[in-house]
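Participant: Chains A and B, in that order, give the protein sequences.
The opening position of the first sequence corresponds to residue 1 in our numbering, with each subsequent residue numbered one higher.
The opening position of the second sequence corresponds to residue 1 in our numbering, with each subsequent residue numbered one higher.
Since the hints were derived computationally from the structure, they do not count as laboratory data.
Be aware that a few hints might be false.
Said to hold, decoys possible - Computed cross-link-like contacts, DSBU-like style, restricted to lysine-lysine with a CA-CA straight-line distance of at most 35 Å:
| id | chain 1 | residue 1 | chain 2 | residue 2 |
| --- | --- | --- | --- | --- |
| 1 | A | K321 | A | K245 |
| 2 | B | K153 | A | K130 |
| 3 | A | K261 | A | K324 |
| 4 | A | K294 | B | K156 |
| 5 | A | K321 | A | K294 |
| 6 | A | K321 | B | K257 |
| 7 | B | K263 | A | K294 |
| 8 | B | K156 | A | K321 |
| 9 | A | K204 | A | K261 |
| 10 | B | K153 | A | K263 |
| 11 | B | K263 | A | K245 |
| 12 | B | K259 | A | K188 |
| 13 | A | K204 | A | K249 |
| 14 | A | K109 | B | K153 |
| 15 | B | K251 | A | K324 |
| 16 | B | K51 | B | K8 |
| 17 | A | K204 | B | K22 |
| 18 | B | K51 | A | K109 |
| 19 | A | K291 | B | K8 |
| 20 | B | K263 | A | K261 |
| 21 | B | K225 | A | K291 |
| 22 | A | K281 | A | K188 |
| 23 | B | K259 | A | K263 |
| 24 | B | K156 | A | K188 |
| 25 | B | K251 | A | K319 |
| 26 | B | K251 | A | K186 |
| 27 | A | K319 | B | K263 |
| 28 | A | K249 | A | K176 |
| 29 | B | K153 | A | K294 |
| 30 | A | K204 | A | K109 |
| 31 | A | K249 | B | K22 |
| 32 | A | K176 | A | K130 |
| 33 | A | K249 | B | K8 |
| 34 | B | K225 | A | K28 |
Bear in mind that the values here come from a model prediction, so they are computed numbers and not experimental data.
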Amino acid sequence: MSRQIFAYIEHHNGVADDSALEMINAGKMIDPEANVIALVFGSGEDLNSVCQTVAKTYPEVWKVDNSEIAYPNAEIIRGLLVNILPQDALCLIPHDTLGMDLAPGLSVKLDAACITDVIEFQGVDGNDLKAIRQEHSGQAHAYMSCDISNGAIITVRPGNFQPDESQSEKGQIVDKSSEAGQVEAKRKFLQIVEAEVGEVDITKEDILVSIGRGIEDEENIEIADELAEAMGGVVSCSRPVVDAKWLEKSRQVGTSGKTVKPKVYMAMGISGSFQHMGGVKGNPFIVAVNKNPKAPIFQVADVGVVEDLLEFAPTMTDKVKESK
Amino acid sequence: MDILVCVKRVPDPAENEIEINKDGSDILREDVVYSVNEWDNYAVEEAIQLKDNHGGTVTVVTVGDEEDEEILRREMAMGADHGILISDESIEGSDGTGIARVLKSEVEKGSYDLVFCGAQSDTAAAQVGGLLAAMLDWPYASLVNEIQVSDEKTLKVGREIEGGNQEMNEISMPCVLSIQTGINEPRYVGIRGIRKVANVDIPVHGLSELAVDVDSVGYNGAKVKRLNYFVPEMGEGAEILEGSSEEVAEKLIELLKSKGGIK
């Protein structure tokens, strides 16, 4: 019998997350012969519609309908998963805000290994799963060995595995709701507070001059403003600039900020974490300015400048003005 | 409210170019500038603010060796009341689960209402808080960016989720929270503050003081092991522009004009 691998499918408002298409290929990367089973948890019509969609990609879909998780609650989902997953299950979960909430605790309850934010698998040898992950802000890659003899809960980096877009499967939907049962939780979901809309809408701009930790001081933001103005764009930023309260949250690009689709993205003093780059869509022309030649941003940029942005940006501003 | 904050000393990501040693067994540690993990620093600040507003104590704990004591003193200079260093050779090489087992035992020695961890650290695994909570059978919330005290038993916590939205939850205490950066503005710690706590006694707990099975921690107890670091074969990556700043700027302007990058 081929190996079972489970893939937890996230969805919002009746639409499966992009990671749904990626995790089947992540599973096949662990074991090309694996039977990758989709786990779709939720409630009502939204859940049914996600199951229908996911069955076009996965040969088998396990559906759990529970009104307590109309909005996902990791503590409840964990209990339901424990009730239906076989001993020594391999379970893939996207490494995002739900995955981080869910995966570690699930591994404890199943007494399984926990390995997170995997970017590549290199197959299984007996009970030894080989995987690759990154440390030190993406500056160091590591080969990992994971003992899966009692199963493993594995979070995989969204956007990192090839999506399976064939939509050719006619998967079987298995209702596991009663087997999953009911679960009590000590944490209750209250509501979503939507992000505030700022004065400048960076999602609609063609030219973004984006600044990160390398800006070093609030006073230096002026330097970026001047360059953005000269170029005819606006200033956006990465997380540390918002954490320091130097710019509004509405200026933040990334999975926990805005998703932008500019024509040109000028990343200055930004290391280029996957959470940041996850917010840059539409294949823009990316320019990286960073004094650290090892910064991961240089791997995704089209053009790189290895300089301190505080020195380079003013020169660039002058030259742009001259060129007009 | 008695709060335990788990902290870690890490290479400061803002100060270091990380390089790997020859055999890939570690990063090059010479000349590395260390600091307290950024997420943990926000966690300590949040704990101190809760103590200031609601009373109680803040204890900081780290798992490491004598070199790691400096970050405990730094966080005590911020306002944490106590520090605990957990140190034992048998813990070396632990995976996240091993570290969480050790911390669980430390938590059970005290009587804490709340345990904070940073949302992630230098390994970017973002797991110890969730592992610890499940081992304790306490509720957990990750990526917390707001905490309000409802009553003696309940908190309202905001989690940072995708798109910059915030997910509000009610959670009962005791609980474990992993703290996201940006939740507050950590206070500045000066040399004078660190001097004040230079002689405060920091107890060292080894496995003999903690009810932890030696076989369940360390490299041999780990289900997840890092075999070695490596330098990946990269794609072409960016075309690096060479020359003086002026020359580079001029080249870049030509490129940008062709891409619609200058209006």
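Participant: Taking each numbered hint in turn, which are not upheld by the structure, reported in ascending numerical order?
Facilitator: 2, 4, 8, 10, 12, 17, 26, 28, 29, 30 and 31
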